[in-house]
Amino acid sequence: MRLTEIHGTAAPLPIENLDTDQIMPKQFLRIIDKAGLKEGLLYDLRFDAQGEPRNDCVLNQPEYRDARILIGGSNFGCGSSREHAVWGLQQAGFEAVIAPSFAEIFYSNAMNNRLLLVQLERDEIDVLLHDAATQPAAPLHIDIERQTVTSAAGRVFAFPLGARHKQMVVEGMDTIDLTLASLHDIEAFERDHFARHSWAAVL
Amino acid sequence: MSTRTLYQKLVDSHVVARVDEQNVLLYVDLHLMNEYTSPQAFSALAEKTRRVRRPKQQLAVVSHIIPTHAEAPRVIRDAASLLLANNLARNCAEAGIALHAANDPLQGIEHIVAPERGLVRPGMVVLCGDSHTTTYGALGALGFGIGTSEVEHVLATQTLVYRVAQTMRIAIEGAMPYGTSSKDLILWIISRIGAQGARGYAVEFAGSTIASLSAEARMTLCNMTVEAGARAALIAPDATTFDYIRAHATSLDETAWHAAMSDWRELKSDPGARFDSEHHFDARDIAPFVTWGTSPDQAIAVDERIPAAATQKTPEAAAALRRALDYIGLDADQPIAGTQIDRVFIGSCTNGRIEDLRIVASIVAGRHVAQGVRAMVVPGSGSVRRQAEAEGVAATLREAGFEWREPGCSMCLAMNDDFLTPGERCASTTNRNFEGRQGRGGRTHLMSPAMAAAAALTGRITDVRTLETQS
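Chains as they are written, first to last, in our numbering: chain A, 1 to 203; chain B, 204 to 674.
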């Protein structure tokens with residue numbers, strides 16, 4: 001199904017360098033499927049050492065319970081390559097993350113799962129953070145085709161999105177099928193590559 | 204032909220096709236896997252009845268969940284961890300993929316095992332579902348971490364749709380000062396350029412300082428470059444690299460070796476090649492470095508004081524500093540040296556190689572771990588472990604009071620049963636001091652093996668250069 005717009009409220013989580021260890025702690029990674037990652041999302045921020053919900057965490061506050069958009073700090077998703085972080089965000093109902101910047105592997109992981117990442121300037125983020133803190137019920141509107149975020153007050157911010165990534169998010173294409181359409185090219189490349197560079201065949 | 208950087212040469216030589224202006228279809232020479240970032244990739248393949256296209260270009264290891272207790276045979280008692288290990292074994296058996304399982308003598312951390320087996324060579328593209336795959340740039344190979352969806356793509360196609368990075372050169376000149384290592388060098392660089400200072404870049408290290416480093420020391424450097432956000436780290440192969448490859452890639456015969464060398468000599472940035480960004484550093488400014496906070500860029504020289512919020516350049520950095528100090532339980536303006544530690548961890552894909560263990564042994568020989576400190580050494584692989592035992596390094600470490608354990612990722616990320624308890628403070632040779640990384644509430648100080656050895660002996664963060672007068 002095409003995904004052309006995201007409409008919903010946003011939860012503010014302006015933590016710099018929020019790493020994937022924090023987004024999805026280790027104890028939730030011992031799985032061979034994708035089960036249970038909603039519970040693991042930002043676990044140490046959401047629960048105290050006794051497992052009780054922390055009231056100081058926005059994700060535990062009723063006004064953000066239905067948030068579909070997360071507003072984060074810069075270098076969001078840095079650290080470990082664990083895609084479980086993206087799966088967990090989606091299982092918790094998030095369809096987009098807005099931040100000043102995103103870590104590289106996290107970005108690819110998000111695109112491969114159709115989790116939209118919206119990169120905005122710091123001052124634009126500050127406006128959205130302020131709105132999310134003061135008017136938690138006011139929804140944001142993200143138009144993916146036009147690559148814009150519209151705040152509840154009607155301010156419009158444009159964000160970058162590569163053509164391929166846009167297609168991945170909007171259409172949810174099967175990238176393996178697309179690549180396998182070039183199977184002939186891959187086979188030709190690999191014959192030539194290993195014929196010329198036999199040292200690259202190591203096993 | 205126009206001048207090209209080493210990175211551009213490595214990418215160009217692996218482009219199957221251009222996808223669009225930003226992306227290429229990149230050929231993958233070797234793909235490594237572990238037990239926790241690959242399961243869903245195999246399941247997704249099976250769901251769509253796709254096959255692993257090139258099983259002989261894959262290698263898997265059990266590394267992240269494996270307990271490191273010194274017992275033979277090794278047993279994985281945690282049910283969920285055992286499921287991961289068994290699942291990997293089944294996936295590899297079905298697809299015909301080589302696996303170093305729990306009791307394989309070659310088992311270890313992927314980034315230790317692959318180079319020591321001679322499987323990473325200059326000019327290759329090597330990927331793994333693990334961010335520290337940047338390690339392989341130390342040998343002139345393009346390595347970087349990928350997610351599970353990309354693992355699936357590589358298994359199915361032996362290629363990756365790859366967004367080509369910008370290029371950055373970091374040149375470092377001069378001799379490394381006494382008491383420092385490439386771990387200090389990279390902590391120092393990250394503290395200067397920041398945790399996202401190289402985000403979006405493939406970094407090439409150059410200069411006389413880099414030339415003087417051993418192949419293993421270069422692996423430490425390239426391994427941790429990802430902590431500055433880099434997509435890849437590279438060092439042009441030189442005599443040091445070729446000696447390392449010669450010693451480890453024993454399957455290369457004379458003919459293959461000569462053919463390889465004629466290719467590998469071209470693997471350097473052309474004179475005048477343009478980089479999108481450049482940094483120049485003087486190695487004389489390096490000192491033993493220690494992290495004080497919860498991001499790898501929150502690091503200072505061991506003789507410095509923890510910065511105050513007021514010194515930070517942005518409100519965000521000041522907020523991050525306050526948050527980090529609150530977690531780590533230290534105060535601004537406090538000297539980092541003298542901080543009491545409870546645990547010492549020596550190991551990981553950053554510093555779990557034989558040279559690292561030799562340095563630790565040379566410092567702790569004839570001495571003993573301080574009372575009340577629990578110190579562990581987890582070699583990076585079975586080969587490292589056996590070599591350390593053969594050389595007497597292991598005996599020295601045991602006599603000094605270190606636990607001598609079986610190989611794995613262990614307390615670097617604490618996915619097994621090696622972890623810090625809340626409030627415990629650890630001197631660690633690993634790569635990430637993130638909140639909760641080594642266990643919920645655990646407090647990590649990243650440092651070199653030499654500095655971790657000094658911390659073990661004194662029970663506090665100690666300048667290894669002054670150890671003689673302190674113990």
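Wrong hints could be hidden among the right ones.
[What the hints assert, rightly or not] Dumping the calculated EDC-like pairs for lysine to aspartate or glutamate here, alpha-carbon to alpha-carbon at most 16 Å: (1) A:K166 - A:E5; (2) A:K166 - B:D223; (3) A:K166 - A:E187; (4) B:K471 - B:D215; (5) B:K212 - B:D466; (6) B:K251 - A:D174; (7) A:K38 - A:E5; (8) B:K212 - B:D506; (9) B:K259 - B:D215; (10) A:K166 - A:E95; (11) A:K38 - A:E95; (12) A:K34 - B:D485; (13) B:K259 - A:E190; (14) B:K212 - B:E469; (15) A:K166 - A:D143; (16) B:K259 - A:E145; (17) B:K251 - A:D177; (18) B:K471 - B:D506; (19) A:K166 - B:E250.
Everything labelled a hint here was simulated from the structure, so no lab data went into it. All figures in this text were calculated on a predicted structure; none of them were measured in a lab.
Subject >> Structure-inconsistent hints, enumerated in ascending order >> reply: Violated hints (numbers, rising): 3, 7, 8, 9, 12, 16, 18, 19; every other hint is consistent with the structure.
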